[in-house]
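Numbering (the UniProt record's numbering), first residue to last: 1 to 395.
For the record, the hints were derived by calculation from the structure and aren't laboratory data.
Hints are not guaranteed to be accurate.
For lysine-lysine, the following DSBU-like pairs were computed, each having C-alpha atoms within a straight-line distance of at most 35 Å [what the hints assert, rightly or not]:
#: 1; residue 1: Lys146; residue 2: Lys88
#: 2; residue 1: Lys153; residue 2: Lys219
#: 3; residue 1: Lys165; residue 2: Lys253
#: 4; residue 1: Lys197; residue 2: Lys76
#: 5; residue 1: Lys258; residue 2: Lys85
#: 6; residue 1: Lys253; residue 2: Lys190
#: 7; residue 1: Lys89; residue 2: Lys110
#: 8; residue 1: Lys76; residue 2: Lys61
#: 9; residue 1: Lys162; residue 2: Lys199
#: 10; residue 1: Lys60; residue 2: Lys85
#: 11; residue 1: Lys393; residue 2: Lys382
#: 12; residue 1: Lys294; residue 2: Lys283
#: 13; residue 1: Lys26; residue 2: Lys294
#: 14; residue 1: Lys302; residue 2: Lys146
#: 15; residue 1: Lys197; residue 2: Lys89
#: 16; residue 1: Lys76; residue 2: Lys89
#: 17; residue 1: Lys283; residue 2: Lys219
#: 18; residue 1: Lys302; residue 2: Lys219
#: 19; residue 1: Lys294; residue 2: Lys60
#: 20; residue 1: Lys76; residue 2: Lys253
#: 21; residue 1: Lys393; residue 2: Lys302
#: 22; residue 1: Lys87; residue 2: Lys162
#: 23; residue 1: Lys146; residue 2: Lys312
#: 24; residue 1: Lys294; residue 2: Lys88
#: 25; residue 1: Lys294; residue 2: Lys219
#: 26; residue 1: Lys146; residue 2: Lys85
#: 27; residue 1: Lys283; residue 2: Lys76
#: 28; residue 1: Lys190; residue 2: Lys110
#: 29; residue 1: Lys110; residue 2: Lys219
#: 30; residue 1: Lys76; residue 2: Lys88
#: 31; residue 1: Lys199; residue 2: Lys219
#: 32; residue 1: Lys85; residue 2: Lys283
#: 33; residue 1: Lys219; residue 2: Lys312
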Amino acid sequence: MNIKLANRVKKLIDPTVEDSLKLASKPGVISLAGGIPNPELFPIEEINLSLKKLLKNDEKKVLQYSQTAGISELRKIIARYYSNKWKKKISLDEVLITTGSQQALDLLGKAFLEKGDCVITENPTYFVALSAFNGYEVQYKTVQLKENSIDIKQLESHLIEKREKIKFIYSIPTFQNPSGNCWSEDARNKVIRLISKYKCLLIEDDPYSELYFGNESPKNLVVYDHRESIIYLGTFSKTFCPGLRIGYVIGSKELIKKLSLIKQGMDLHSPTFSQYLIYEFIKNEQTFNIHLNKIRQYYKEKCQYMIWCLNKYLKNKATWTNPQGGIFIWLTISGVDCRELYQKAIVYGLAFMPGYPFYANQPQLDTIRLTFATATNEEIKKGIIILRDLLNKKA
Numbered sequence: 001m002n003i004k005l006a007n008r009v010k011k012l013i014d015p016t017v018e019d020s021l022k023l024a025s026k027p028g029v030i031s032l033a034g035g036i037p038n039p040e041l042f043p044i045e046e047i048n049l050s051l052k053k054l055l056k057n058d059e060k061k062v063l064q065y066s067q068t069a070g071i072s073e074l075r076k077i078i079a080r081y082y083s084n085k086w087k088k089k090i091s092l093d094e095v096l097i098t099t100g101s102q103q104a105l106d107l108l109g110k111a112f113l114e115k116g117d118c119v120i121t122e123n124p125t126y127f128v129a130l131s132a133f134n135g136y137e138v139q140y141k142t143v144q145l146k147e148n149s150i151d152i153k154q155l156e157s158h159l160i161e162k163r164e165k166i167k168f169i170y171s172i173p174t175f176q177n178p179s180g181n182c183w184s185e186d187a188r189n190k191v192i193r194l195i196s197k198y199k200c201l202l203i204e205d206d207p208y209s210e211l212y213f214g215n216e217s218p219k220n221l222v223v224y225d226h227r228e229s230i231i232y233l234g235t236f237s238k239t240f241c242p243g244l245r246i247g248y249v250i251g252s253k254e255l256i257k258k259l260s261l262i263k264q265g266m267d268l269h270s271p272t273f274s275q276y277l278i279y280e281f282i283k284n285e286q287t288f289n290i291h292l293n294k295i296r297q298y299y300k301e302k303c304q305y306m307i308w309c310l311n312k313y314l315k316n317k318a319t320w321t322n323p324q325g326g327i328f329i330w331l332t333i334s335g336v337d338c339r340e341l342y343q344k345a346i347v348y349g350l351a352f353m354p355g356y357p358f359y360a361n362q363p364q365l366d367t368i369r370l371t372f373a374t375a376t377n378e379e380i381k382k383g384i385i386i387l388r389d390l391l392n393k394k395a
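Make a model of the complete structure from these sequences and hints.
And the structure:
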């Protein structure tokens with residue numbers, strides 16, 4: 001049978017990315033590739049207690065259909081948390097529960113994007129966001145990352161040049177995937193001034209801001225915005241358990257109503273049971289904060305160890321970012337095609353993410369993304385030594 005797919009399907013992400021991640025999951029392979037949390041950090045004991053409570057007291061409610069926008073209990077607690085964090089009132093009707101923040105990206109694509117529209121992204125950026133937007137046959141303008149910032153002049157140039165075609169800016173300003181980059185307060189203020197000046201919408205994708213290594217998380221862009229020009233995306237995948245598939249959108253009441261209607265046609269609602277399980281866990285603020293502090297300390301120590309290994313074994317062979325949160329480090333290995341390096345590394349039992357899928361337009365082939373989230377210290381050390389040895393062979 002000749003299956004004729006829509007043209008937009010041809011622009012979906014390169015299948016070699018999925019193939020790479022499959023290779024990374026093979027037994028015996030040291031994986032510094034997948035952007036996944038460490039399952040050893042899942043609060044299993046607390047989850048078991050929550051499960052028993054839910055199935056004893058609320059079994060019919062938690063196993064039933066629920067409203068498209070999400071259960072009110074979870075939306076209320078999210079609204080209260082961000083009202084306190086941002087020091088601005090967020091209501092229940094400004095929160096939409098989604099099936100992971102990935103669904104939120106697709107919802108926003110459906111809501112805003114037409115064929116030929118322009119999206120501004122950081123360069124590099126999260127490749128699965130590109131996959132979500134590519135389905136709507138869009139064009140991209142990219143803004144180069146700088147240390148603790150983006151190229152503000154380049155951003156303004158794009159806003160001037162493509163003003164009528166730009167639907168939104170997509171950004172991960174805090175501990176970005178793939179680079180770990182985090183915008184400074186000055187950079188955040190400058191970006192807010194630009195989107196205010198040019199009346200442009202910005203999506204703040206924020207999976208990693210709770211995974212800070214210092215004393216507190218950087219302020220979200222929403223805090224600086226007084227025009228409601230920010231759509232905020234959050235998730236429990238990195239702070240709780242990704243398999244529950246629960247994320248959320250915070251935006252204007254009007255936007256949330258529209259997104260709810262679109263979501264209704266996609267999956268009716270996100271899993272009721274997952275929503276109640278998360279609510280049961282996070283409603284105890286002290287328990288949730290203890291859990292967050294535990295995972296912050298763990299990832300901080302892992303990051304510091306990987307940086308130590310990079311300094312010991314790859315000094316003068318590569319440059320890398322030094323993130324202050326999140327789970328990623330971004331390497332540049334000048335003059336090396338890291339697609340070829342990846343194929344050789346797999347033979348020696350090492351997997352990482354080549355950098356090329358993270359570019360919306362012209363890829364930079366001498367880059368790779370490493371994650372320190374799931375590997376042991378021994379695996380991290382062995383993995384970096386394999387990289388060193390492969391680069392020595394190329395020299």
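Cross-check of the supplied hints:
{"no.": "1", "hint": "Lys146 <-> Lys88", "result": "holds, 30 Å"}
{"no.": "2", "hint": "Lys153 <-> Lys219", "result": "holds, 22 Å"}
{"no.": "3", "hint": "Lys165 <-> Lys253", "result": "holds, 25 Å"}
{"no.": "4", "hint": "Lys197 <-> Lys76", "result": "holds, 33 Å"}
{"no.": "5", "hint": "Lys258 <-> Lys85", "result": "holds, 26 Å"}
{"no.": "6", "hint": "Lys253 <-> Lys190", "result": "holds, 27 Å"}
{"no.": "7", "hint": "Lys89 <-> Lys110", "result": "holds, 28 Å"}
{"no.": "8", "hint": "Lys76 <-> Lys61", "result": "holds, 18 Å"}
{"no.": "9", "hint": "Lys162 <-> Lys199", "result": "holds, 13 Å"}
{"no.": "10", "hint": "Lys60 <-> Lys85", "result": "holds, 34 Å"}
{"no.": "11", "hint": "Lys393 <-> Lys382", "result": "holds, 17 Å"}
{"no.": "12", "hint": "Lys294 <-> Lys283", "result": "holds, 18 Å"}
{"no.": "13", "hint": "Lys26 <-> Lys294", "result": "holds, 29 Å"}
{"no.": "14", "hint": "Lys302 <-> Lys146", "result": "holds, 24 Å"}
{"no.": "15", "hint": "Lys197 <-> Lys89", "result": "holds, 24 Å"}
{"no.": "16", "hint": "Lys76 <-> Lys89", "result": "holds, 12 Å"}
{"no.": "17", "hint": "Lys283 <-> Lys219", "result": "holds, 23 Å"}
{"no.": "18", "hint": "Lys302 <-> Lys219", "result": "holds, 24 Å"}
{"no.": "19", "hint": "Lys294 <-> Lys60", "result": "holds, 34 Å"}
{"no.": "20", "hint": "Lys76 <-> Lys253", "result": "holds, 14 Å"}
{"no.": "21", "hint": "Lys393 <-> Lys302", "result": "holds, 28 Å"}
{"no.": "22", "hint": "Lys87 <-> Lys162", "result": "holds, 34 Å"}
{"no.": "23", "hint": "Lys146 <-> Lys312", "result": "holds, 25 Å"}
{"no.": "24", "hint": "Lys294 <-> Lys88", "result": "holds, 28 Å"}
{"no.": "25", "hint": "Lys294 <-> Lys219", "result": "holds, 21 Å"}
{"no.": "26", "hint": "Lys146 <-> Lys85", "result": "holds, 27 Å"}
{"no.": "27", "hint": "Lys283 <-> Lys76", "result": "holds, 10 Å"}
{"no.": "28", "hint": "Lys190 <-> Lys110", "result": "holds, 29 Å"}
{"no.": "29", "hint": "Lys110 <-> Lys219", "result": "holds, 29 Å"}
{"no.": "30", "hint": "Lys76 <-> Lys88", "result": "holds, 15 Å"}
{"no.": "31", "hint": "Lys199 <-> Lys219", "result": "holds, 22 Å"}
{"no.": "32", "hint": "Lys85 <-> Lys283", "result": "holds, 16 Å"}
{"no.": "33", "hint": "Lys219 <-> Lys312", "result": "holds, 34 Å"}
This entry satisfies every hint, going by the numbered hints stated previously.
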